[in-house]
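Peer 1: One letter stands for each residue in the lines below.
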Amino acid sequence: MNPITVALSGLMVLLGLAMIVRTIAAGGGAAAAGIVLGVLFVAAGAGRLWVERRR
Amino acid sequence: MSAARDGGRRRLQRLEAPPALKRGFGSPALFGIVQGFLSASLYFALGVVVVNALGLTWLVLLVATLFGALLVLSYMEGASLHQERGGATVIARYGFNELWSFVAGWAILLDYLILIALCAFATTDYVAVFWGELSEGAPELALAFAVIGYVAWVNMRGAGSRRWERAAFVVFADLALQLLLVVLGLAMLLEPDVLTDPTAIAGTPGTEDFVFAFTIAIAAFSGLDASSALAGEVAVSRRGLKRLFVARAAAAVPYVGIGLVASSTLPQTGASWYEAPVLGLASSFEQEWLREPLRYAIALFALTILVIACNAAMFGLSRLGYSLALNRQIPSLVGQLHPRHNTPVVLIGIGALLAVALVIPTDLEFLVAIYAFGATLAFLIVHLAVIRLRFREPARDRPYKIPFNLRIGRVELPLTAVLGAAMAAVAFASVLLLHDAARWVGAGWMAFGVVLYVTYRVVEDKPIFKRVTVPAQALTRREVEAEFGSILVPVLGTPMDDDIMQTAGRLAGEENEDDGEGGAVIEALWVFEVPMALPLDSRASDEDLQRARNALARAKAVGEEYEGVEVATATVRARRAGEAIVHEAKRRGVEAIVLAAEEPTGIRGGLRLGGKQGLHDTFVGHTTRYVLQNAPCRVILTAPPSGKAAADPTVPVPGASPEHPVGHPPAVGGPAPPAR
Numbered sequence: 001m002n003p004i005t006v007a008l009s010g011l012m013v014l015l016g017l018a019m020i021v022r023t024i025a026a027g028g029g030a031a032a033a034g035i036v037l038g039v040l041f042v043a044a045g046a047g048r049l050w051v052e053r054r055r
Numbered sequence: 001m002s003a004a005r006d007g008g009r010r011r012l013q014r015l016e017a018p019p020a021l022k023r024g025f026g027s028p029a030l031f032g033i034v035q036g037f038l039s040a041s042l043y044f045a046l047g048v049v050v051v052n053a054l055g056l057t058w059l060v061l062l063v064a065t066l067f068g069a070l071l072v073l074s075y076m077e078g079a080s081l082h083q084e085r086g087g088a089t090v091i092a093r094y095g096f097n098e099l100w101s102f103v104a105g106w107a108i109l110l111d112y113l114i115l116i117a118l119c120a121f122a123t124t125d126y127v128a129v130f131w132g133e134l135s136e137g138a139p140e141l142a143l144a145f146a147v148i149g150y151v152a153w154v155n156m157r158g159a160g161s162r163r164w165e166r167a168a169f170v171v172f173a174d175l176a177l178q179l180l181l182v183v184l185g186l187a188m189l190l191e192p193d194v195l196t197d198p199t200a201i202a203g204t205p206g207t208e209d210f211v212f213a214f215t216i217a218i219a220a221f222s223g224l225d226a227s228s229a230l231a232g233e234v235a236v237s238r239r240g241l242k243r244l245f246v247a248r249a250a251a252a253v254p255y256v257g258i259g260l261v262a263s264s265t266l267p268q269t270g271a272s273w274y275e276a277p278v279l280g281l282a283s284s285f286e287q288e289w290l291r292e293p294l295r296y297a298i299a300l301f302a303l304t305i306l307v308i309a310c311n312a313a314m315f316g317l318s319r320l321g322y323s324l325a326l327n328r329q330i331p332s333l334v335g336q337l338h339p340r341h342n343t344p345v346v347l348i349g350i351g352a353l354l355a356v357a358l359v360i361p362t363d364l365e366f367l368v369a370i371y372a373f374g375a376t377l378a379f380l381i382v383h384l385a386v387i388r389l390r391f392r393e394p395a396r397d398r399p400y401k402i403p404f405n406l407r408i409g410r411v412e413l414p415l416t417a418v419l420g421a422a423m424a425a426v427a428f429a430s431v432l433l434l435h436d437a438a439r440w441v442g443a444g445w446m447a448f449g450v451v452l453y454v455t456y457r458v459v460e461d462k463p464i465f466k467r468v469t470v471p472a473q474a475l476t477r478r479e480v481e482a483e484f485g486s487i488l489v490p491v492l493g494t495p496m497d498d499d500i501m502q503t504a505g506r507l508a509g510e511e512n513e514d515d516g517e518g519g520a521v522i523e524a525l526w527v528f529e530v531p532m533a534l535p536l537d538s539r540a541s542d543e544d545l546q547r548a549r550n551a552l553a554r555a556k557a558v559g560e561e562y563e564g565v566e567v568a569t570a571t572v573r574a575r576r577a578g579e580a581i582v583h584e585a586k587r588r589g590v591e592a593i594v595l596a597a598e599e600p601t602g603i604r605g606g607l608r609l610g611g612k613q614g615l616h617d618t619f620v621g622h623t624t625r626y627v628l629q630n631a632p633c634r635v636i637l638t639a640p641p642s643g644k645a646a647a648d649p650t651v652p653v654p655g656a657s658p659e660h661p662v663g664h665p666p667a668v669g670g671p672a673p674p675a676r
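Residue numbers (our numbering), protein chains in the order written: chain A, 1 to 55; chain B, 1 to 676.
Honestly, the hints are just simulated from the structure, not real lab data. Please note that a few of the clues may not be correct.
The calculated SDA-like cross-link candidates involving lysine to any residue, where the alpha carbons are at most 25 Å apart (straight line), are [said to hold, decoys possible]:
no., chain 1, residue 1, chain 2, residue 2
1, B, 401, A, 52
2, B, 401, A, 50
3, B, 401, A, 43
4, B, 401, A, 54
5, B, 401, A, 47
6, B, 466, B, 287
7, B, 556, B, 445
8, B, 401, B, 63
Here are some of the chain A residues that sit facing chain B, going by a computed Cβ distance under 10 Å [unchecked claim]:
no., residue
9, 8
10, 11
11, 16
12, 17
13, 22
14, 23
15, 26
16, 27
17, 29
18, 32
19, 33
20, 40
21, 44
Bear in mind that the values here come from a model prediction, so they are computed numbers and not experimental data. Where is the CB? At the ideal position from N, CA and C, for every residue including glycine.
Between the sequences and the hints, there should be enough to build the whole structure, so can you do that?
Peer 2: Next up, the structure:
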């Protein structure tokens, strides 16, 4: 796997998780912007890693 | 000199995308173009989006990204269905007709022009980090003009798809910078309240402003059309297309993240960021050690990305304009190719001048609004055309087929295209209703284009709703040896007629250009073969007469695509076609005959029943043989492409088949060849 892709994708996953945790800590609900974007970041990073693994 | 050039070439080769990058993105060239446009739009349009969408900027960018994904699916199916250069014009041509194809192309052409102007204009505000004078006045205009001049020069010289593979490196690095900005912004700039209530800082936009911001955000996807114009040139497998789709989707997330950071940061920093919003984001960091390096890095990347996008827009404009000229949707003179570089220099020159004119008012919002007009209209047509193609060509092989379909009878309705069309329609309507400048300038541009198109087609006596192509060679002005001033071309009413008329047109056109005395003449001839049982002056059937008229009209249309060529048409009656052709050649004193070589024999029963191929004494039919032996001038034979089918006399030649090669529409008179 390309190390740069892995690093950037991993960073996106971490960023997403951080946003989700921070939003929940601030009392945000399921539709809060932090949750939506956090899930998207995790999905994008994980999806990219998945595609990279399947190559 | 040569060594230096070789060295330069080696350096360029080293910059080409390695296999890993190709595997990762499916196609670095396509990724580079699409992502380049999207990144560039952040640099020039984010400010306008934030001003309108306020605290919901992130949501606007998220919905725009969803729209972009739907559009990618439609483009992927449409472009893979008919793999021709042209993007939206090709999809609309097969989905609707030639007029809608032109409307889509003309709208995208407007987008490319605006994008060239926008990118060139936006570079000035970013480069001003290095020299403040460049952000206004004469230096600002001079720099914008220089960027336009540079991309025009690059595109006039021409380059293949590999330059976009090299651009993918920069685009990828810019993505990393965007991600860094998101990380730093979320950690150091973002007000935590925004995560639970995005409008807490910047406020809530009105519905109209929200929709308008959305139209501006989706306009960034016009890069899809430029990459779609590479169809047939860039080889991408089905898996590659899927990887490209995932890579694009992943790349969109930092784009949305920047929206979140921007909507909570930019409105608090005054209006200075409006024309350089990403720079405004970096300026929001209080720590000088972080702010200054970031500002310089952003300025450098913005300059590079904007020039790449400007270049891609000029590239898209030249490809699209060439495609329009090739299909006689704009005068072919405008699409003339450079004799050495094979690039549409006239189009590129006109595009550069118009872009310069658009930069002069230095009004960012005006440019962005018109940009949205063209994009939303073209996207609407693309979605609708893909839906229509499911009905028109349900059985045609689709190298890529949109998922999520609703079966209605024998047809599968692509739900993503339906949703995309609905979103594009709302966006287009909002541009028309909410922005005066876009409404009048955009509508004026479209009206001018349609009037130009219809007038051109009527004056040239060409159909408005049907495709008329001119061969690519007709757009070049290569100097080739002149040969003939008058040519006799017997037509048969088959698709081969186009080929022989094009051959004759090239030979005659060259003659005309070189001697400069009047036009070369092609005599298109239809021979009625009258059986011995009937008198020679017996009346031909109405069906035969109609077929002859149609074939001759088609031949005239194709032949007169060539500059300076005049096509005269005639019909003659004879017992044998070969004798008639030779007689007419002598009577008219032509310098050459261009003839479609016919099959060796029309009688195939013997072979089908086990007869031997070797019994045929020649490789052409008796008419061709007679003309070759008796013609008073040179005879040029045109044959269908060789292949198994053509080599085997037990099957018809491809020219007589109702299947037509791409780019050669069926002869007007129908597929049945006249008996010989």
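Peer 1: Take the hints in turn and mark each one as holding or not.
Peer 2: These are the hints, each one checked on the structure:
no., hint, verdict
1, B/401 to A/52, "holds (23 Å)"
2, B/401 to A/50, "holds (22 Å)"
3, B/401 to A/43, "holds (24 Å)"
4, B/401 to A/54, "holds (21 Å)"
5, B/401 to A/47, "holds (21 Å)"
6, B/466 to B/287, "violated (63 Å)"
7, B/556 to B/445, "violated (32 Å)"
8, B/401 to B/63, "holds (23 Å)"
9, 8, "holds (6 Å)"
10, 11, "holds (6 Å)"
11, 16, "holds (8 Å)"
12, 17, "violated (12 Å)"
13, 22, "holds (6 Å)"
14, 23, "holds (4 Å)"
15, 26, "holds (5 Å)"
16, 27, "holds (6 Å)"
17, 29, "holds (8 Å)"
18, 32, "holds (5 Å)"
19, 33, "holds (4 Å)"
20, 40, "holds (5 Å)"
21, 44, "holds (4 Å)"
This entry does not satisfy hints 6, 7, 12, going by the numbered hints stated previously.
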